[in-house]
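Trainee: Next come the chains, spelled out residue by residue.
2 protein chains.
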Amino acid sequence: MPSKQASESRQEVDSIIQAKWLIPMTDQGLILKDHSLVIQQNMIREILPTDEAIRYFKSSNTYFLDQHIVIPGLINSHGHAAMSLFRGFADDIPLKAWLENKIWPAEGLWVSEEFVTDGAELAIAEMLLSGTTTFTDMYFFPDHVAKAAIKSNIRAHLVSPVLDFPTIWAQNSEEYIHKAMELHDNYKNNEHIYVGFGPHAPYTVSDDPLQKIATLANELDIAIQIHVHETAHEVQEEQSKSGKRPLSRLQELGLMTPNLQCVHMTQLNNEEILLLADSGVSVVHCPASNLKLASGFCPTAKLLDAGVNIALGTDGDASNNELNMLNEMRLAALIGKGHSGDASVLSAWDVLAMATINGAKQIGLADSIGTLESGKFADITAVNLDQINTSPVYNPVSTLVYSAQASQVSHVWVDGQINVKDGMLLHLNEENLKEKAQNWAEKIQAA
Amino acid sequence: MPSKQASESRQEVDSIIQAKWLIPMTDQGLILKDHSLVIQQNMIREILPTDEAIRYFKSSNTYFLDQHIVIPGLINSHGHAAMSLFRGFADDIPLKAWLENKIWPAEGLWVSEEFVTDGAELAIAEMLLSGTTTFTDMYFFPDHVAKAAIKSNIRAHLVSPVLDFPTIWAQNSEEYIHKAMELHDNYKNNEHIYVGFGPHAPYTVSDDPLQKIATLANELDIAIQIHVHETAHEVQEEQSKSGKRPLSRLQELGLMTPNLQCVHMTQLNNEEILLLADSGVSVVHCPASNLKLASGFCPTAKLLDAGVNIALGTDGDASNNELNMLNEMRLAALIGKGHSGDASVLSAWDVLAMATINGAKQIGLADSIGTLESGKFADITAVNLDQINTSPVYNPVSTLVYSAQASQVSHVWVDGQINVKDGMLLHLNEENLKEKAQNWAEKIQAA
Numbered sequence: 043m044p045s046k047q048a049s050e051s052r053q054e055v056d057s058i059i060q061a062k063w064l065i066p067m068t069d070q071g072l073i074l075k076d077h078s079l080v081i082q083q084n085m086i087r088e089i090l091p092t093d094e095a096i097r098y099f100k101s102s103n104t105y106f107l108d109q110h111i112v113i114p115g116l117i118n119s120h121g122h123a124a125m126s127l128f129r130g131f132a133d134d135i136p137l138k139a140w141l142e143n144k145i146w147p148a149e150g151l152w153v154s155e156e157f158v159t160d161g162a163e164l165a166i167a168e169m170l171l172s173g174t175t176t177f178t179d180m181y182f183f184p185d186h187v188a189k190a191a192i193k194s195n196i197r198a199h200l201v202s203p204v205l206d207f208p209t210i211w212a213q214n215s216e217e218y219i220h221k222a223m224e225l226h227d228n229y230k231n232n233e234h235i236y237v238g239f240g241p242h243a244p245y246t247v248s249d250d251p252l253q254k255i256a257t258l259a260n261e262l263d264i265a266i267q268i269h270v271h272e273t274a275h276e277v278q279e280e281q282s283k284s285g286k287r288p289l290s291r292l293q294e295l296g297l298m299t300p301n302l303q304c305v306h307m308t309q310l311n312n313e314e315i316l317l318l319a320d321s322g323v324s325v326v327h328c329p330a331s332n333l334k335l336a337s338g339f340c341p342t343a344k345l346l347d348a349g350v351n352i353a354l355g356t357d358g359d360a361s362n363n364e365l366n367m368l369n370e371m372r373l374a375a376l377i378g379k380g381h382s383g384d385a386s387v388l389s390a391w392d393v394l395a396m397a398t399i400n401g402a403k404q405i406g407l408a409d410s411i412g413t414l415e416s417g418k419f420a421d422i423t424a425v426n427l428d429q430i431n432t433s434p435v436y437n438p439v440s441t442l443v444y445s446a447q448a449s450q451v452s453h454v455w456v457d458g459q460i461n462v463k464d465g466m467l468l469h470l471n472e473e474n475l476k477e478k479a480q481n482w483a484e485k486i487q488a489a
Numbered sequence: 043m044p045s046k047q048a049s050e051s052r053q054e055v056d057s058i059i060q061a062k063w064l065i066p067m068t069d070q071g072l073i074l075k076d077h078s079l080v081i082q083q084n085m086i087r088e089i090l091p092t093d094e095a096i097r098y099f100k101s102s103n104t105y106f107l108d109q110h111i112v113i114p115g116l117i118n119s120h121g122h123a124a125m126s127l128f129r130g131f132a133d134d135i136p137l138k139a140w141l142e143n144k145i146w147p148a149e150g151l152w153v154s155e156e157f158v159t160d161g162a163e164l165a166i167a168e169m170l171l172s173g174t175t176t177f178t179d180m181y182f183f184p185d186h187v188a189k190a191a192i193k194s195n196i197r198a199h200l201v202s203p204v205l206d207f208p209t210i211w212a213q214n215s216e217e218y219i220h221k222a223m224e225l226h227d228n229y230k231n232n233e234h235i236y237v238g239f240g241p242h243a244p245y246t247v248s249d250d251p252l253q254k255i256a257t258l259a260n261e262l263d264i265a266i267q268i269h270v271h272e273t274a275h276e277v278q279e280e281q282s283k284s285g286k287r288p289l290s291r292l293q294e295l296g297l298m299t300p301n302l303q304c305v306h307m308t309q310l311n312n313e314e315i316l317l318l319a320d321s322g323v324s325v326v327h328c329p330a331s332n333l334k335l336a337s338g339f340c341p342t343a344k345l346l347d348a349g350v351n352i353a354l355g356t357d358g359d360a361s362n363n364e365l366n367m368l369n370e371m372r373l374a375a376l377i378g379k380g381h382s383g384d385a386s387v388l389s390a391w392d393v394l395a396m397a398t399i400n401g402a403k404q405i406g407l408a409d410s411i412g413t414l415e416s417g418k419f420a421d422i423t424a425v426n427l428d429q430i431n432t433s434p435v436y437n438p439v440s441t442l443v444y445s446a447q448a449s450q451v452s453h454v455w456v457d458g459q460i461n462v463k464d465g466m467l468l469h470l471n472e473e474n475l476k477e478k479a480q481n482w483a484e485k486i487q488a489a
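Quick note, the sequences are listed as chains W and X, same order. With the first sequence counted from 1, adding 42 to any position gets you this note's numbering. With the second sequence counted from 1, adding 42 to any position gets you this note's numbering.
Heads up, none of these hints are tricks.
No copy is singled out in the list; a pair is fine if it fits within one copy or between any two copies.
In silico lysine to aspartate or glutamate, EDC-like type, Cα no more than 16 Å apart, as pairs:
#1 Lys-254 x Asp-206
#2 Lys-344 x Glu-314
#3 Lys-75 x Asp-108
#4 Lys-478 x Asp-428
#5 Lys-138 x Asp-384
These aren't lab readings, by the way, just hints derived from the structure by calculation.
When you get a sec, could you build the whole thing from the sequences and use the hints?
Mentor: Structure, rendered in structure tokens:
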């Protein structure tokens with residue numbers, strides 16, 4: 043028991059998180075037992091053994107997480123948040139029919155500022171409750187997604203959509219690109235919102251706008267995220283149209299730089315894998331979506347082996363149907379082993395890296411988020427492993443990836459501010475979000 | 043408001059469950075809205091619209107599940123319950139090394155009556171909490187698994203292990219078979235415990251005992267469950283030893299009858315699929331285990347197409363690492379689509395059938411469990427869909443399979459008795475089970 047004087051000599055800080063197991067993700071395999079995170083303002087100030095933390099620091103916001111694993115906040119590297127309102131609207135249907143007969147017509151009918159706001163807030167609530175602190179989003183009205191993210195205190199990387207054809211968001215590629223630049227300009231000094239380009243896919247964006255995007259992204263050093271090589275059909279169509287595989291076309295147009303994030307990538311030959319590694323392009327793996335739409339298998343084991351940076355994404359709720367990075371990590375590990383035929387690849391550690399530091403790398407934020415280190419933003423997730431389904435614990439990272447449920451996420455901080463406490467959302471009204479979602483579904487289903 | 047007299051004329055029953063959505067699983071696609079289950083003793087007496095149920099029946103045990111989907115209790119058709127104590131003990135390792143270097147040595151050191159009791163109770167707690175009401179188990183000391191099941195009020199189908207070599211349970215195949223017969227005799231009048239034979243695999247049980255098992259199982263009309271065609275390696279080894287594929291050997295030995303349950307089945311040619319269909323053999327699909335051990339892909343779409351009965355199992359916690367049939371259904375749907383390349387196969391309804399009525403069929407209990415029908419045992423699971431991650435609901439079966447978490451399982455009944463109420467286990471002490479599990483893990487890890 044420290045004396046009153048000793049206690050008063052301790053420095054007051056904003057928060058102290060005492061963790062049973064702390065996983066910095068700076069080194070594969072590193073598990074710090076009984077360590078504390080000391081948080082000042084929006085930053086991690088120090089990580090040290092809890093007995094030392096108690097000696098030097100005090101805080102009225104001290105969290106005793108004595109059954110918990112504490113990890114960097116999870117990064118969901120691909121999705122369409124507002125599509126949470128289409129969760130379960132179109133299941134058990136192949137990609138082409140799913141898009142052409144269900145999703146695109148419904149989007150045409152329903153997408154609006156209000157739809158995007160309500161859907162994004164529902165999705166953000168789901169992501170925070172399952173431990174995600176940063177998400178990449180590709181959807182219409184990204185300005186409204188930005189507002190929802192700021193209101194909810196979550197970090198968002200918005201890849202502003204670009205298409206050749208008109209939608210409610212813009213009339214032509216010029217206007218899409220202009221709006222992306224405008225969005226970037228509006229948020230360039232905001233540490234919660236990062237803006238990049240989101241050309242939808244090689245088959246929906248032509249050469250001119252792709253080249254323009256490459257030039258602008260290069261100039262501003264911001265990301266380009268694109269759906270590419272999602273299905274064999276896509277690759278065949280491009281080949282019969284231009285004689286090239288989509289990735290070759292992107293290369294010729296100057297897009298293959300470290301700013302590029304290629305989502306899905308189920309069709310890759312060895313040459314393309316080497317090209318990705320050499321050019322520093324990131325791959326965003328979305329295993330649930332690829333399986334559910336029967337799109338194909340991303341060769342994650344080969345990509346890791348070649349040194350390609352792989353991040354992990356849930357895709358939208360319409361093709362998953364959950365924004366749950368714990369389940370997505372488990373699925374990435376399982377399908378990586380199953381598809382390669384090697385049970386030793388895609389370890390629990392590999393997929394946790396994909397969901398944290400690799401996600402940070404692909405946005406260009408590896409200096410700010412993705413690991414727990416002093417001087418980084420305090421984006422932190424705690425998961426309570428004291429449950430029947432996570433007993434016993436041999437290795438907490440294995441337990442986290444292979445056994446924990448999203449409901450075990452107990453605390454989530456973004457920028458040092460607590461968002462989820464004892465499993466409850468602090469800044470969003472759950473009842474209100476659920477009611478709005480059900481109202482949308484009833485309208486959509488009745489149409 | 044019914045008058046006092048009207049109220050008194052209503053018949054008193056043991057329980058009434060008022061459900062928002064009731065899925066009998068008698069007909070694919072049938073969703074009963076605002077219906078009630080009327081339970082008398084251990085049986086479902088009636089299913090009728092809630093407004094009628096209120097008119098004719100009353101009960102002091104009336105459950106108002108107005109945000110819930112109510113389904114037949116889930117049937118986990120393959121596992122090794124006591125191996126819950128090895129959850130996370132050996133991850134990211136291929137099947138052969140996993141068995142030979144990790145699992146078998148650890149079993150040799152640790153398996154005992156006490157280990158099986160503690161492990162089975164932990165597993166049963168996990169299964170009940172995630173909505174399972176019947177499980178098939180293949181493990182040593184099945185008599186102790188029976189006791190744990192009876193204590194916990196869960197239904198168990200125990201396939202008593204048979205091997206050629208000695209273990210702590212028996213010295214030779216004769217003794218294994220004798221113990222299986224004894225177990226069957228002990229529980230033949232028990233409606234919670236069903237006993238069958240569990241010859242481990244074609245490569246661990248020789249022709250003589252397999253033939254003997256076929257004869258006895260046929261005579262008693264009880265099940266035989268066997269791991270078979272789990273990996274390509276297994277099939278190759280058998281072919282170079284006997285010149286036959288394992289399934290052909292089982293056929294020659296007289297095992298291919300409706301009593302046979304073939305677990306895993308990742309290696310199947312078209313002829314074998316037809317043989318399974320013609321002989322009424324069931325397949326038990328364990329997608330998580332097959333992926334995690336990189337064993338291969340069970341061709342579920344082709345099997346369903348041929349009319350083969352497919353049940354669903356989690357396998358043991360050492361290779362999954364959870365006994366969560368909701369996640370297993372989702373994975374079966376996802377991998378079934380991904381592997382076949384057809385997003386329309388393995389629908390949410392198909393996998394729910396695999397986890398309910400198909401499981402009942404393979405044990406020979408289709409007249410007693412697996413659907414919600416009057417005259418069947420009241421084995422019932424309720425899942426609360428009123429959460430952010432299950433909002434909105436377009437089709438509750440899709441929401442259940444693709445979006446719900448096990449933590450949303452709110453109520454579970456077996457034999458009309460409530461086991462889980464508002465997500466809490468009523469007959470097992472969770473704290474005690476977790477503590478025992480952690481003590482085992484510490485001993486095992488220190489060895």
